[in-house]
Structures are given as structure tokens and as C-alpha cells.
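Chains as they are written, first to last, in numbering that gives the first Met the number 0: chain L, 0 to 169; chain B, 0 to 414.
Think of the hints as simulated: they come from the structure by calculation, not from any bench. The beta carbon of each residue, even a glycine, is placed where N, CA and C say it ideally should be. Among the clues, some could well be false.
What the hints assert, rightly or not - Looking from chain B toward chain L, a few residues come up when the C-beta cut is under 7 Å (computed):
hint	residue
1	Ile-169
2	Tyr-173
3	Val-181
As the list claims (entries may be wrong) - Chain L regions said to be covered by chain B (calculated; three or more residues, Cβ under 8 Å):
hint	region
4	6–19
5	31–40
To be verified - Which chain L residues face chain B? A few, computed with CB under 8 Å, are given here:
hint	residue
6	Phe-23
7	Phe-26
8	Trp-27
9	Phe-158
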Amino acid sequence: MFFLADFNVIKPDFGLLFWTSIFFVLFWVLIGKFAFKPIVESLKKRTADIQDALDEAKKAKEEMQALNSKNEDLIKEAQEQRALIMKEAKAAKDSMINDAKVKAKEEANRIVSSAKAEIEAQKKAALLEVKNEVGQMALGIAEKVIRKELQGNAAQESFVNKLVGEIKLN
Amino acid sequence: MLRFFLSTIYILAFALIGLAHDNHDHGDGHATICGEAAHHEFNAGDNAIHHISDANVYSIGPIQIPLPVILYAPDKGWDFFMASKFHADLIGHGDGHVAYNGYVLDGGSVKRIVDAGFPAGEVQISGVIHKDVTMANGKEQEAAFVCYNNNLYKTDAKSTADAGLFGGGITSFYDFSITKNVTSMAIVLAFLSWLFLSVARAAKKNEGKAPTGLQNFMEPFVGFIQDEVAIPFLGDKADKFLPFLLSIFFFILGLNLFGQIPFFGGSNVTGNLAVTAVLAIITFFITNINGNKDYWGHLFTAPGTPWFVKLILVPVELLGLFIKPVTLMLRLFANITAGHMVILIFVSFIFIFGKSGESIPGAMGGVVGAGLLTLFMMAIELVVAFVQAFVFTILTASYIGAATEEHHHDEEHAH
Numbered sequence: 000m001f002f003l004a005d006f007n008v009i010k011p012d013f014g015l016l017f018w019t020s021i022f023f024v025l026f027w028v029l030i031g032k033f034a035f036k037p038i039v040e041s042l043k044k045r046t047a048d049i050q051d052a053l054d055e056a057k058k059a060k061e062e063m064q065a066l067n068s069k070n071e072d073l074i075k076e077a078q079e080q081r082a083l084i085m086k087e088a089k090a091a092k093d094s095m096i097n098d099a100k101v102k103a104k105e106e107a108n109r110i111v112s113s114a115k116a117e118i119e120a121q122k123k124a125a126l127l128e129v130k131n132e133v134g135q136m137a138l139g140i141a142e143k144v145i146r147k148e149l150q151g152n153a154a155q156e157s158f159v160n161k162l163v164g165e166i167k168l169n
Numbered sequence: 000m001l002r003f004f005l006s007t008i009y010i011l012a013f014a015l016i017g018l019a020h021d022n023h024d025h026g027d028g029h030a031t032i033c034g035e036a037a038h039h040e041f042n043a044g045d046n047a048i049h050h051i052s053d054a055n056v057y058s059i060g061p062i063q064i065p066l067p068v069i070l071y072a073p074d075k076g077w078d079f080f081m082a083s084k085f086h087a088d089l090i091g092h093g094d095g096h097v098a099y100n101g102y103v104l105d106g107g108s109v110k111r112i113v114d115a116g117f118p119a120g121e122v123q124i125s126g127v128i129h130k131d132v133t134m135a136n137g138k139e140q141e142a143a144f145v146c147y148n149n150n151l152y153k154t155d156a157k158s159t160a161d162a163g164l165f166g167g168g169i170t171s172f173y174d175f176s177i178t179k180n181v182t183s184m185a186i187v188l189a190f191l192s193w194l195f196l197s198v199a200r201a202a203k204k205n206e207g208k209a210p211t212g213l214q215n216f217m218e219p220f221v222g223f224i225q226d227e228v229a230i231p232f233l234g235d236k237a238d239k240f241l242p243f244l245l246s247i248f249f250f251i252l253g254l255n256l257f258g259q260i261p262f263f264g265g266s267n268v269t270g271n272l273a274v275t276a277v278l279a280i281i282t283f284f285i286t287n288i289n290g291n292k293d294y295w296g297h298l299f300t301a302p303g304t305p306w307f308v309k310l311i312l313v314p315v316e317l318l319g320l321f322i323k324p325v326t327l328m329l330r331l332f333a334n335i336t337a338g339h340m341v342i343l344i345f346v347s348f349i350f351i352f353g354k355s356g357e358s359i360p361g362a363m364g365g366v367v368g369a370g371l372l373t374l375f376m377m378a379i380e381l382v383v384a385f386v387q388a389f390v391f392t393i394l395t396a397s398y399i400g401a402a403t404e405e406h407h408h409d410e411e412h413a414h
């Protein structure tokens with residue numbers, strides 16, 4: 000029937016008011032409690048979890064960075080120490096070489112000077128020996144000569160001895 | 000190919016409606032006294048109103064499925080029966096051929112025959128006609144008359160709670176039936192319950208894991224209401240009111256969307272003032288029961304204003320207390336009803352162009368034109384369904400937020 004020009008949707012009828020109230024309140028109470036509440040809680044929990052995870056990741060990153068910079072510091076320090084040790088070692092080496100050189104030179108000088116002294120002493124001894132030898136020889140020769148010529152002439156003999164004593168070697 | 004197939008179905012579906020309408024025209028002219036009802040011009044407005052109205056039958060396409068009828072008349076008590084007792088045509092508009100216990104089905108809606116002389120039990124009637132009668136207050140109003148035994152019996156429409164404001168009022172009976180709207184509500188709420196209970200179950204099962212499937216699909220909606228509606232207006236009290244706000248939002252959204260499904264009832268639940276009134280009344284109570292000292296204090300004393308301003312402001316604030324839920328109620332009702340009516344009037348173009356089945360080429364042209372317009376309108380209505388659910392929820396949240404907000408008085412004096 001299209002004569003029904005009755006705009007009845009604007010007239011709230013009691014049945015619909017009644018059933019809508021019942022249905023809505025039931026939906027609100029039951030689904031609100033058993034579905035919406037747990038869903039909202041799970042959403043909130045997830046939000047918190049995600050936030051925590053992000054915070055933790057950030058913290059871990061910061062810790063990692065701190066660790067890295069610490070490592071770098073350690074490496075740097077080690078390098079510095081190595082450089083220092085190397086430098087000290089080099090200095091020690093240099094001084095040791097220097098000392099050795101000085102000592103070697105001193106030793107050499109000492110050996111040379113003692114050698115010189117020895118040589119001098121030997122030379123003196125040798126010369127003395129030569130002198131004695133030559134003296135003996137000269138004496139012998141002179142004895143022979145004098146014996147032959149002077150045959151026991153005592154004055155001549157003392158003269159010759161005096162002459163021999165005057166011969167200075169050195 | 001698919002598109003061609005779909006458009007063929009679409010045109011056939013509309014043609015079926017046309018057929019139903021055609022049947023209806025032939026079926027009317029069988030009684031002499033009701034003869035004046037047999038030929039009438041097709042009226043797009045009446046057609047639209049018929050289809051947005053609540054009914055005691057559930058329409059799937061042109062098929063009318065009877066629903067349980069629960070009636071109460073103060074003078075004779077309760078009546079429980081199925082609407083099939085009225086023997087309405089399975090394909091038709093819900094006009095019963097039988098009166099049962101003094102009740103008839105007229106355009107899908109139960110009416111009661113006022114005359115006590117009308118026989119009880121099942122009575123074959125010849126039809127129902129509508130004509131204007133002069134009411135006790137001198138106003139002309141349309142009433143339905145039952146044709147029986149060559150006599151006309153005036154009928155009463157069911158009682159409505161508008162106190163005569165919109166032409167209704169208390170009549171001789173009350174209809175507490177499981178109507179089309181109640182059935183739609185039950186279907187939608189059952190679906191929503193299943194949906195959210197399974198999401199809640201999934202949330203419990205998948206705790207600590209990333210959401211998947213249904214849970215993943217629904218959670219953004221819940222999160223949206225939580226983050227964009229509840230928390231901005233309610234702050235740390237959001238948790239307390241979230242279940243209510245979510246219920247309101249999904250109740251309205253579900254019913255808005257359900258009413259958009261063509262041929263499947265097309266029920267105009269959120270476009271019925273009774274439904275929006277219940278939601279608005281509940282919002283009113285939630286707001287005012289939770290209103291704190293500051294809220295009531297501000298309402299009655301309007302602090303910081305001179306006394307003559309207070310004289311104006313306090314009554315305005317008191318009126319506002321009631322105007323807020325009334326605007327909530329009317330906004331949703333008007334938006335959804337208007338959307339349904341525009342679509343129905345576009346569909347009516349088919350009958351207007353086709354001259355109620357006389358001109359097939361006209362009807363075909365109407366199908367194409369009305370089809371495009373309807374598609375356009377339905378796209379808009381889809382947006383409206385979401386927007387109105389959101390608007391209702393966000394305004395509810397803002398009213399509750401205003402009522403429960405903690406004011407700091409030293410701060411208050413600053414402005």
C-alpha cells in the first residue's frame with residue numbers, strides 16, 4: 000500500500016525503544032566486558048611492549064657505543080704505550096751503544112797505552128841487555144885487544160873500563 | 000565479463016521489484032467497497048517512506064518473511080503469534096489478507112481494528128484502504144480502514160512515544176514485536192559479538208605476538224576510537240568509558256552498514272528515532288551520572304560572569320543539558336533516513352519513467368539512470384555510515400569529557 004504517507008520513523012514506537020534498550024545494554028555490558036576490555040588491554044600492553052622494546056634497543060645501542068668508544072680508548076692507550084716503550088727502548092739501545100763505544104775506546108786506549116808501556120819497558124830491557132851484551136862484547140874485544148897489546152897493563156884496563164862506562168846508550 | 004554479468008543481475012533485480020509492484024497493483028481491485036484503492040498513482044515519497052519504515056515482516060528483495068508479533072492492548076491483554084497468521088503474500092508489500100484477533104497487517108505494519116464488534120480469531124478481509132479523517136482536534140489525518148463484509152472498520156496505528164508531537168501518540172495497543180529493525184539489530188549484534196569475541200580470543204592467544212587476520216583488521220578501529228576519541232577527550236578516564244564508546248561506535252556503524260546492503264532488508268535501524276533516542280538517552284544518563292562537582296557547579300553558577308549574564312546563562316546551560324542528546328538523536332536519525340530516502344527515490348525513477356510497468360523502455364532507461372545515481376548515492380552513504388558513527392561517538396566522548404573534567408580553580412580565575 001503506497002498510501003502510507005505516514006512518516007512513522009520519526010515516531011518512536013515502544014517496542015523498538017524496548018528492544019533497542021535491551022539489545023544495546025546487553026551488547027555494552029557483555030561485549031564491553033568480555034571483548035572490548037581485553038582488546039583494549041591487549042592494545043595497551045602491546046603499545047607498552049613496543050615502547051619498552053624501543054627503549055631497550057636505544058639503551059643497548061648507547062651501551063654498545065660506550066663500549067666501542069672504551070675499546071677505542073684502550074687501543075689508543077695501548078698504541079701510546081707501545082710508542083713510549085719503543086722510544087724508551089730506542090733510547091736504551093742508543094745509550095748502550097754509546098756506552099759500549101766509549102768503553103771500547105777507553106779499553107782500546109788503555110790497551111794501547113799499556114802496550115806502549117810494555118814496549119817501552121821491553122825496549123829498555125832489550126837495550127839494557129844489548130848494552131850489557133855490547134859492553135861484554137866490547138870488553139871481551141877490548142880485553143883481547145888489550146891482552147894482546149898491553150899484557151896485563153892495569154892502567155890501560157881501567158881507562159878502557161872508564162871509556163866503556165861513558166858509552167851511553169839511550 | 001564479470002561486469003556484464005553483474006549489471007545483468009542488477010537490472011534483473013530491479014525488474015523483479017517492478018514485477019512485485021505490478022502484482023501488487025493487480026491484487027488490489029477485488030472488492031467493491033475497496034475499489035477506490037485499486038488504482039492509484041505511483042508516489043515516490045510514499046514508496047520511500049514505506050521502505051524505511053519498521054515492519055512486522057522481514058523483506059529480502061520482494062520476499063516478505065513473517066516475524067514474531069507481540070502485542071499488548073490494555074483492554075484485552077497480550078497477543079503472541081507469527082505474522083504469517085495475517086496471510087500476507089510472500090512476494091508483495093506485507094498486506095495481510097486475514098485479520099487476527101482484531102489485528103491486521105497493513106504495509107508490513109500491524110494495526111488494530113478499533114470497533115469492538117469486529118470478530119476475533121482469523122477473519123478473511125477484502126483489503127485495507129487509506130483515507131483522511133478529521134481527528135478530535137480538528138486536524139485532518141490519514142487513517143487505514145479495513146474492508147470486511149462491505150463495511151469499513153477504522154484501525155489504530157500502534158502507540159508511539161512522541162506524545163503527539165509527530166502525529167503519533169498513545170492508541171489502543173502497543174507493539175512489542177520482533178520487527179524488521181529488531182531482527183536486523185539482533186543479526187548485527189550477533190555478528191559484532193562473534194567478531195569482537197574472536198578478536199579478544201585472538202588477542203589473548205597471540206599475546207606478545209604480532210596480530211594477524213581478523214585481529215589485525217579490527218584492532219585499528221578499536222585503536223582509532225581509543226587514540227583519537229577517548230584519550231583526547233577523557234584523558235586518564237578513557238579506560239572507564241572506552242567499552243561504552245566502542246559499543247556505541249560499532250553498534251551504530253554496524254547497523255548503518257547493514258542498512259546499506261541492498262535487498263537484504265535494507266533496514267533503516269539507525270534511521271529510526273526510537274533507536275537513536277535510546278542511544279541518546281543512555282548517553283545523557285552516562286554523562287550526567289558521571290558529572291562531577293565542577294560540572295554541576297559550573298552549570299548552576301556560571302562562575303566568572305556578572306549576575307545578569309547568569310540569569311540568561313544558567314537556563315541556557317540547563318536547556319543545553321537536554322539539547323545535546325536531542326541533537327545526537329536527530330543528527331544520526333536525519334542523516335541515515337535522508338540517505339535511505341534519497342536512494343529509494345532514485346530507485347523510484349524506474350517506476351516513474353516506466354509508468355508503473357506500462358513502459359518497458361522507460362523503465363530500462365530508468366534502471367540505467369537510477370542505477371548510476373544510486374551507485375553514487377550509496378558510495379556517499381558508505382562514507383556517511385562511518386562519519387555518523389564517528390560523530391556520535393566523538394560527541395558522546397566530548398560530553399562525558401566535559402562532565403568529568405577536573406578543573407583547577409586557581410586556573411579558572413585566570414580567564
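Inset, instruction - Please flag the earlier hints that this structure goes against, numbers listed from lowest up. - result: Numbers 1, 9, in rising order.
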